[in-house]
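My request is simple: use the sequences and hints to build the entire structure.
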Amino acid sequence: MALAASLRRRQSLAEVEILATDTSSGALDLARENAVGHGVADNLRFAEVDLLPPVVSFPFDIVLANLPYVPSAAVDTLPVAASFEPRIALDGGADGLTYVGRLIDRLPDALNTDGVALLEIGSDQGDAVGALLAKHLTGWRSSIERDLAGQPRVARIERDGAHG
Numbered sequence: 064m065a066l067a068a069s070l071r072r073r074q075s076l077a078e079v080e081i082l083a084t085d086t087s088s089g090a091l092d093l094a095r096e097n098a099v100g101h102g103v104a105d106n107l108r109f110a111e112v113d114l115l116p117p118v119v120s121f122p123f124d125i126v127l128a129n130l131p132y133v134p135s136a137a138v139d140t141l142p143v144a145a146s147f148e149p150r151i152a153l154d155g156g157a158d159g160l161t162y163v164g165r166l167i168d169r170l171p172d173a174l175n176t177d178g179v180a181l182l183e184i185g186s187d188q189g190d191a192v193g194a195l196l197a198k199h200l201t202g203w204r205s206s207i208e209r210d211l212a213g214q215p216r217v218a219r220i221e222r223d224g225a226h227g
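Those letters in the sequence shown? Residues 64 to 227, per our numbering, in order.
Check each hint, because a few of them may be wrong.
Said to hold, decoys possible - Pairwise CB distance ranges, derived in the manner of DEER restraints:
no., residue 1, residue 2, range
1, L82, R204, 17 to 25 Å
2, A110, F147, 22 to 30 Å
3, A191, D105, 33 to 41 Å
4, E208, E96, 26 to 34 Å
Rather than coming from a laboratory, the hints here were simulated on the basis of the structure.
Where is the CB? At the ideal position from N, CA and C, for every residue including glycine.
Now the structure itself:
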C-alpha cells in the first residue's frame with residue numbers, strides 16, 4: 064500500500080497497474096481495506112494465489128516480494144513481535160528459502176526486459192540467495208541491499224535486456 068500511496072501523491076498512479084497477491088484471504092481483505100483508506104483501491108487488483116498467478120498480464124516491470132524467509136526451526140525462537148504473524152507468513156521451509164527459490168524460478172517468465180525484482184530476505188541469507196541467483200538466472204544482475212538499520216535485507220534482481 065505504501066508504494067501505491069506514494070505513486071498517488073506523485074499523480075502517476077493512473078499509469079500504473081498493481082497486482083497484490085497472497086495465499087491468505089484475510090491478508091488480502093486487510094490489503095483491500097488499506098487500499099481504500101489510502102485512496103488507491105481503483106488502481107489495485109488482488110489475487111489469492113501462491114506466489115504469482117499462472118495467467119496474468121505478464122511480464123511485470125517490478126516485482127516486490129515479502130515472502131516467508133525464516134527457517135522452520137527458527138520460527139518458534141523469534142521475538143514476541145513475530146507472534147502476531149501467522150506461522151505461514153514467516154516459515155520459509157528448512158533453509159528459509161523455499162519460497163524465495165520458487166519465485167526466482169518464476170522470474171524469467173514474470174519479469175519484463177529491464178525489469179527489477181526486490182525480495183526481502185533474512186540478514187544472514189545474502190550468500191545463499193546469491194548462489195540461487197547465480198545458478199538460476201545466469202546473465203542477470205543482482206545485489207544485496209542494506210535496510211535502514213544497515214542490515215543486508217533486500218535482494219535486488221535485474222533483468223538485463225541484452226542478456227536476459
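Query raised in the report: If you check each hint against the structure, which ones fail?
Result: Of the numbered hints given earlier, the structure breaks none, since each of them holds.
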